[in-house]
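Generate the whole structure from the sequences, applying the supplied hints.
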Amino acid sequence: MSERRLSESGFPIKPVYDAGDVPDDLESRLGAPGKYPYTRGVYPTMYTSRPWTMRQYAGFGTAAESNARYHQLLAAGTMGLSVAFDLPTQMGYDSDDPIAHGEVGKVGVAVDSIDDMRLLFDGIPLDRVSTSMTINAPASVLLLLYQLVAEEAGVPGSALNGTIQNDILKEYIARGTYIFPPKPSLRLVADTFAYCRKETPKWNTISISGYHMAEAGATPVQEVAFTLANGVEYVRAALAAGLAVDDFAPRLSFFFVARTTLLEEVAKFRAARRIWARLMREEFGAQDPKSWMLRFHTQTAGVQLTAQQPEVNLIRVAVQGLGAVLGGTQSLHTNSYDEAIALPTEKAARLALRTQQVLAYETDLTSTVDPFAGSYVVEAMTSEIEEEAVALMERVFGHGSSVDAIEAGFQKREIETSAYRVAQEIDSGERVVVGVNRFAVSEEEPYEPLRVDPTIEKAQAARLAELRATRDAGAVERALDDLRAAASGTDNVLYPMKEALRARATVGEVSGALREIWGVYRPTDRF
Numbered sequence: 001m002s003e004r005r006l007s008e009s010g011f012p013i014k015p016v017y018d019a020g021d022v023p024d025d026l027e028s029r030l031g032a033p034g035k036y037p038y039t040r041g042v043y044p045t046m047y048t049s050r051p052w053t054m055r056q057y058a059g060f061g062t063a064a065e066s067n068a069r070y071h072q073l074l075a076a077g078t079m080g081l082s083v084a085f086d087l088p089t090q091m092g093y094d095s096d097d098p099i100a101h102g103e104v105g106k107v108g109v110a111v112d113s114i115d116d117m118r119l120l121f122d123g124i125p126l127d128r129v130s131t132s133m134t135i136n137a138p139a140s141v142l143l144l145l146y147q148l149v150a151e152e153a154g155v156p157g158s159a160l161n162g163t164i165q166n167d168i169l170k171e172y173i174a175r176g177t178y179i180f181p182p183k184p185s186l187r188l189v190a191d192t193f194a195y196c197r198k199e200t201p202k203w204n205t206i207s208i209s210g211y212h213m214a215e216a217g218a219t220p221v222q223e224v225a226f227t228l229a230n231g232v233e234y235v236r237a238a239l240a241a242g243l244a245v246d247d248f249a250p251r252l253s254f255f256f257v258a259r260t261t262l263l264e265e266v267a268k269f270r271a272a273r274r275i276w277a278r279l280m281r282e283e284f285g286a287q288d289p290k291s292w293m294l295r296f297h298t299q300t301a302g303v304q305l306t307a308q309q310p311e312v313n314l315i316r317v318a319v320q321g322l323g324a325v326l327g328g329t330q331s332l333h334t335n336s337y338d339e340a341i342a343l344p345t346e347k348a349a350r351l352a353l354r355t356q357q358v359l360a361y362e363t364d365l366t367s368t369v370d371p372f373a374g375s376y377v378v379e380a381m382t383s384e385i386e387e388e389a390v391a392l393m394e395r396v397f398g399h400g401s402s403v404d405a406i407e408a409g410f411q412k413r414e415i416e417t418s419a420y421r422v423a424q425e426i427d428s429g430e431r432v433v434v435g436v437n438r439f440a441v442s443e444e445e446p447y448e449p450l451r452v453d454p455t456i457e458k459a460q461a462a463r464l465a466e467l468r469a470t471r472d473a474g475a476v477e478r479a480l481d482d483l484r485a486a487a488s489g490t491d492n493v494l495y496p497m498k499e500a501l502r503a504r505a506t507v508g509e510v511s512g513a514l515r516e517i518w519g520v521y522r523p524t525d526r527f
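Numbers 1 to 527, taken from my numbering, label the letters of the sequence shown in order.
Misleading hints may appear alongside valid ones.
Ranges of calculated distance between the beta carbons of each label pair, as one might list FRET restraints [what the hints assert, rightly or not]: (1) S442 / K35: 49 to 59 angstroms; (2) K290 / K183: 21 to 31 angstroms; (3) I99 / G474: 25 to 35 angstroms; (4) A469 / R278: 49 to 59 angstroms; (5) P454 / G398: 48 to 58 angstroms; (6) G123 / P15: 51 to 61 angstroms; (7) G176 / S367: 41 to 51 angstroms; (8) E443 / E282: 51 to 61 angstroms.
Cut-off 27 angstroms, straight-line C-alpha distance, at most; resulting in silico cross-link-like pairs (DSS-like, lysine-lysine) [claimed, not checked]: (9) K198 / K290; (10) K347 / K106; (11) K183 / K35; (12) K35 / K202; (13) K198 / K183; (14) K290 / K202; (15) K290 / K35; (16) K106 / K458.
Calculated directly from the structure, the hints in this document are not laboratory data.
Even glycine gets a Cβ: it sits at the ideal position worked out from N, Cα and C.
Given below as structure tokens:
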């Protein structure tokens, strides 16, 4: 082990911290819990009145199979659902499209139409459950399907509570499930903001994500800087579309990772809140204190899970979850210990939820707000991350905007450099991964993974064939024409999109209509 220990972001970690390491203006940087600049948390009482939302991410195979898992999670005590969609759905293709072959139901649930959405949420009280949907390019399509199903159950849009990820910019940086070029994609995001403000006012219209950039190799500083820079881009897009900042900013939310490096992660969350509060109040002139708040969901770091000795992941996830809670997250997903091998089994998903429940009900974490406030090391790290993240954001904006930096490949190159450094450290043994490059065992215990039924693709194709044979084809085509007309002009596309979906147009058909007007994004050689 190196004598000079560095943080994940590259700062030297001192063996001992004292008062001289803390900023002189600490009190003004801290504020009180629930007060600007929200370093100590966005709510005055935080978890002392109620714990964070325990939200488990799940979805695989058919809508019926995922629905069964959701009922199991709710029975086990989860407070919110988080839907994983399969790759074709994320890319706006139907399950019977040739490009979807081999991927239907594999990394999430296949949702092709309103029929699938009905099955997915059958028997689930949508007026009482908070639902998060991890979907980006077709986020508006899935939100509208959800709203239509809720309306059929007598639940108005005004009662719906949840989040769509809807963060397309990070797809160009780190993940790749984009459809349209950046400009029309930002237009679709802004249309969604406007639609939700009127039709689903409790809904979080975007979850601006650093998680996927962190999974790709971003350091904590890079995660904060690139995520908040993308947030600035979305704010600017909404303002350019004619929205007032305080009309949409209170519904913005964020999504971060929690690694095992607990102290730096706690500092990261505190720094991110402080930067965002200052940006919204000083740069964008927001007047509503809710516009200054950085509210975020956290997921434990999947990239740190190992297929070797998978039970050790239970300890990793507990430490990661602890960091998220100490950092003041609003909701948390804890990964299952077997996710490095396959989709989580029911037992593994239940254990992941139990991890959160132990943190909430068997520890004293919920007894006081921001227990690390005033800690020499945490306050020093918070300020270091804040200063370095702001400097990196300036480098992004030096390209003109976050989109301009994306098109220049800036964020992607920075993240790849960090990922390469970590890989080298693991290969050399400088970075210890328990059970992989140290403390390995000669023989692993047998494990039976959850397997997705390979006949799902055929069954989904059959359902689509029946849908197309029984719906009013003329009504579908007229509705899609209205959608194309709105996309060609300046009208909000979500209203004709909703009518097309009501007429039982498929996710692929709606996305295809927009592809015809807006085109498809192709990355340049600079990526």
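Holds or violated: K35 to K202, with C-alpha atoms at most 27 angstroms apart: Status holds; Cα separation ~22 angstroms.
Quick check: does the Cβ-Cβ distance between E443 and E282 fall within 51 to 61 angstroms? holds, 59 angstroms
Given the hint that K347 pairs with K106, does the C-alpha gap stay at or below 27 angstroms? holds, 19 angstroms
Straight-line alpha-carbon gap K106 to K458, limit 27 angstroms: holds, 13 angstroms
Holds or violated: K183 to K35, with C-alpha atoms at most 27 angstroms apart: violated, 35 angstroms
Verify the CB-CB distance for S442 and K35 against the hinted window 49 to 59 angstroms. holds, 56 angstroms
Mind checking the alpha carbons of K290 and K202 for me, to see if they're no more than 27 angstroms apart? The given pair, whose Cα atoms are some 13 angstroms apart, holds under the 27 angstroms limit.
Are the Cα positions of K198 and K183 separated by 27 angstroms at most? holds, 23 angstroms
Range hint compliance [Cβ, A469 to R278, 49 to 59 angstroms]: holds, 57 angstroms
Given a hint of 41 to 51 angstroms, does the C-beta separation of G176 and S367 actually sit inside it? Since the Cβ atoms of G176 and S367 sit about 43 angstroms apart, the hinted range of 41 to 51 angstroms holds.
Pairwise hint evaluation, K35 against K290, where the allowed Cα distance is 27 angstroms at most: Holds, because 10 angstroms separates the two Cα atoms, which is no more than 27 angstroms.
Starting from the hint 25 to 35 angstroms, judge whether the C-beta atoms of I99 and G474 obey it. At roughly 27 angstroms between Cβ atoms, G474 and I99 fall inside 25 to 35 angstroms, so the hint holds.
Comparing the model with each numbered hint stated earlier shows that hint 11 is the single one that does not hold.
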